[in-house]
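Number of protein chains: 4
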Amino acid sequence: MAAIEGIFVPNIVPYDAHGRIAEAELRYIIRWLGSKDVTGFYPNGSMGEFIRLSYEERKRVLKIVAEEAGGKPILAGAAEPNVDLVLEMCGYCADLGCRAVSITGPYYFKLTQESIEAYFRELAAKSPIDIVIYNIPAFANEISVQVLKRLALDCPRIVGTKDTSRDMPRFQSVLHEIKSQRPDFSVLIGWEELLCASLFMGGDGGTLSSCGVVPEVIMKIYREARAGNWNEAKRVQFKLLDLFSLMVNAPNFPEGFRSGYELRGFKVGHARFPLSEEDHVIIETMRARLACVLAEAGFTEAALSCRPIKSATSRNIAAADVEAIVRAVISKMK
Amino acid sequence: MAAIEGIFVPNIVPYDAHGRIAEAELRYIIRWLGSKDVTGFYPNGSMGEFIRLSYEERKRVLKIVAEEAGGKPILAGAAEPNVDLVLEMCGYCADLGCRAVSITGPYYFKLTQESIEAYFRELAAKSPIDIVIYNIPAFANEISVQVLKRLALDCPRIVGTKDTSRDMPRFQSVLHEIKSQRPDFSVLIGWEELLCASLFMGGDGGTLSSCGVVPEVIMKIYREARAGNWNEAKRVQFKLLDLFSLMVNAPNFPEGFRSGYELRGFKVGHARFPLSEEDHVIIETMRARLACVLAEAGFTEAALSCRPIKSATSRNIAAADVEAIVRAVISKMK
Amino acid sequence: MAAIEGIFVPNIVPYDAHGRIAEAELRYIIRWLGSKDVTGFYPNGSMGEFIRLSYEERKRVLKIVAEEAGGKPILAGAAEPNVDLVLEMCGYCADLGCRAVSITGPYYFKLTQESIEAYFRELAAKSPIDIVIYNIPAFANEISVQVLKRLALDCPRIVGTKDTSRDMPRFQSVLHEIKSQRPDFSVLIGWEELLCASLFMGGDGGTLSSCGVVPEVIMKIYREARAGNWNEAKRVQFKLLDLFSLMVNAPNFPEGFRSGYELRGFKVGHARFPLSEEDHVIIETMRARLACVLAEAGFTEAALSCRPIKSATSRNIAAADVEAIVRAVISKMK
Amino acid sequence: MAAIEGIFVPNIVPYDAHGRIAEAELRYIIRWLGSKDVTGFYPNGSMGEFIRLSYEERKRVLKIVAEEAGGKPILAGAAEPNVDLVLEMCGYCADLGCRAVSITGPYYFKLTQESIEAYFRELAAKSPIDIVIYNIPAFANEISVQVLKRLALDCPRIVGTKDTSRDMPRFQSVLHEIKSQRPDFSVLIGWEELLCASLFMGGDGGTLSSCGVVPEVIMKIYREARAGNWNEAKRVQFKLLDLFSLMVNAPNFPEGFRSGYELRGFKVGHARFPLSEEDHVIIETMRARLACVLAEAGFTEAALSCRPIKSATSRNIAAADVEAIVRAVISKMK
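Residue numbers (the numbering used here), protein chains in the order written: chain A, 18 to 351; chain B, 18 to 351; chain C, 18 to 351; chain D, 18 to 351.
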């Protein structure tokens, strides 16, 4: 099989008024993303709140994405809570025809690197489908470059890594120590800010939450970079920073991205985790800024929600913001 | 209902050769613990690897513990992955007659304190059973004292907290800021080293993994403390430190405690997560030391496994240890 | 020489309008503290901003404290930037008749535990005065219990430790692993919240910044504890928590304690590091609350500055506070 | 004055057998580096152990470097412990004709971002020489991008930043939020692994410790990048990774770089901080590997010290290494 390459969209899960998966909207989003020429799909990742779905719901999401993918490859999150369940999910993904599964380091418990290696070796030995190792140290145990290297050089089933550590030196070490010895090993970036630099240094693509909100922007950076038009790729990359910064720094990831989808016109519903009043205020403020950035970038459907806010370098701040801020910080000060 | 007080044993889950729950052994352990006069049981906590069981397995564990508890109160872990599933589990625990559920802060995603507060408020409003808030910042989002205070003073359903942060100043703040205003609010320690000091300052008891391995020791500290025999309580507390240190510092919690159960004669089987060769070696070394500490403390069943190791302050080290160490560190150096 | 025991006050350095050491005020403070029956003095610690003084200024502070100590023992900070300078300062302290020096782990660079051990071994071999090892991991390299143990058991010159890690399990390990084998080794707490619990478990006293502000309170806890009046000791300990919490959580330690001195009537001047407008506002708010707590505790000189603030659990907040908060957070939001 | 651009070498301080600055060797090193066409010099940075020198020694180092610089620009570390001393040092550097001073965030105490901003504003208002803000969060308080932005846009005296955070997203934010608005603001990288990527994204150069050891390599990356020969720049950048990784990961920075200087033939003497036996062993092992990497890269003077070690991915390890490792880890296990 060909190496994994390109941009895979981490899929959001929209909910209906009862908190159930809004299946029709999910299908609509997948088809819309397909029409934007993304490379493939990435359901059941962090963006997809896999941890808050039931096992059956995760299977349902996969099925829907597979049905709507239109032949595009699927990289499917399979970070189930124990080896047997991971393998069961691997089988399910294989049956659906997914290209590979993506598995995070174990979460909750802290484990030694040696046992994390043993875990992935066992999965690699038994999985019926290719595996991408997903490093996301903010949420789950980090997988060291040395462990990843031994796994990559020993296990044919482990075909790549997705790195969401926002750690560029680590990304380069993976290229230098692993890809140089196994050129078909895919090294994907999972952090928007590093897309352009990672492609420049030799990366193979990425799985980037923003791609669900502005597939046009992400795919443009990717295509210009692939074509060697680095100045244009960099220009758009810098423009992406504002957009990404607003969404990723909003409280309670992935809520900032949920706002982004709404501004593009999708009905993604309320989160699966209750938002406090204070966080609602902060997210509303963020959303108004995000709308302006989107509108300015040509996504006219967002223009109506744009409420301009004074420059961050100025010491002045709009009265409306002050109120929002006060409400938001009062509980913190107490 | 009376305030929660005393020592609740966090239950281990023994597995059979196929990795399935060893139900007969679990029943046997619960009855044995009951015979040691522990106050109550605490299934589906971190010690019980709740995160690695399926939803159905967690229910099965609860049922077995309830059947064997002999009327002792049960504090049941219910940290399910979303609000609906937590509430469903709360209902199940209520039906089984559990005294309360214990719920950790959310894990994996990082959330604001305000939204964590909103989460517990929603649970408190809808749960059919009392709730104990379980603070374990090493594995899940911390719950700040200020959030805990607002919850405790506003929500009758939230009846206590279990603190596994190993943070004594925090524990005292909870006593000072919350228990002083709501005296029936239970403040339980979840860290062995602080049992004696926490009882001295005004705590109500604890949930301590060591209590499954040496219930005699933990219950003695508790009873001497309650009787005001502080010198005796402190003497045993200091003896407990060696035991606890070996078990809690072993790689891949709760593997150190699993070894402890084995040394007491139980058949707890292999972990639900693969151990590396290196970690096996380290745990075997730890186990030999643990056996000596247990044997010295009068738990004669452990004596056979005791393999003495030279003093830690000496610069010499046994040849056997060197070998074990070398094997263990080689991978790290590479 | 007798083991070090009791309460040593970490001395503030007051400044005049030109930012120079206000020598007369410093002498006045030392004499006042002496009249409150503190055990001894602790100049050139973190509270004394040793890092912001020149080498000559640190010597001058020592000389003044020695002249005003009235025969009480002095534990002198000597964390100079390299071995030669530490030893030179040790000689100076010995000549002044100090009881011992206190030396932090090295700061700025991160060092291995083994080299930190080598550093203290070299100092112990050459110092003309006893050494107390000062563990303050928030500001300088931590010194592990195992390193401390080897040093304590091998080096007669190293006579104790001061622990500001706020880590009660660590404090107990030091008692258990070191003091049990070398009973004259002094184990002092450097964190107010743990004074009572540390004395209960077997500690020898403390060096506590609050003791400069409310020597009456700290000495009462110490004396009641030593007399075995634990209920009274605990009662006052819990009262101390509010006071300490306000001072230690104020921005830019030791600014909160500086406010405390001012409320007791001393003229300590402006800090050696510029405070932002925002931090001034926050400290003023803190100071008004601190004044109330002090006044309520019977320190009537603080009453005039008391400006009551609504309860932290209430969702309301005074208009004056809102303004202060807004100004304080605006820069953060930008 | 022209914007700061290019590669500034952080200078090592060589010591003689008595631990005093080896002035002749320092002069020799500076002249040698000048002959390698580095852009300029950077004395009294972290590499120069500024924190372990006395105030007078730091001045002496500056004077020597200024005398040997041959007209090349000097960026001088001036992170003195308080505002008055920083300004005094700024005056000294101005008199010597340095191009600018470099000042870290304050160390030891933790300070708010607002007060760090006030600190730099005061320095900027009073300094007679241009200031570069040096962000090195591993050792000193981080300076947030928002604070840096306000300083850069308000203070003409603050002309650039040096970033040693190894944080590429931060580096890009500085380019995007600051340099886009003030194009003459210099953005220098202080982390070798990011040299090529930072230049590609728009950086102005760097201050890189490796440049003292292999000026040929660093200058080649810089010149190829500036000439637009990106493939060649990347090829050399990847080769640099092994070299840098060995030196930066050696215990007790900057000891790894000291070994590098020795392998190039300089007599840099022993460190200003005692090395443990264990760390000596680890550094010797590292040095043997470093020699091979240097020899392979064409620095033939290092060939004699090269002692090959088996590949890191192999599970085998040379007997000599095992011994070294054992000795190194024994103390850790105890």
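Note that these hints are calculated values from the structure, not bench results. Just so it is clear, the structure is predicted and the values come from calculations on it, not from any experiment. Accuracy of the hints is not assured; some may be wrong.
Each pair may be met inside one copy or between any two copies, as identical chains are not told apart.
[Unchecked claim] The list that follows gives simulated cross-link-like pairs (lysine-lysine, PhoX-like), each with its CA atoms no further than 20 Å apart: (1) K256 to K196; (2) K89 to K143; (3) K196 to K89; (4) K237 to K143; (5) K256 to K166.
Which of the numbered hints are not met once you compare them with the structure shown?
2, 3 and 4
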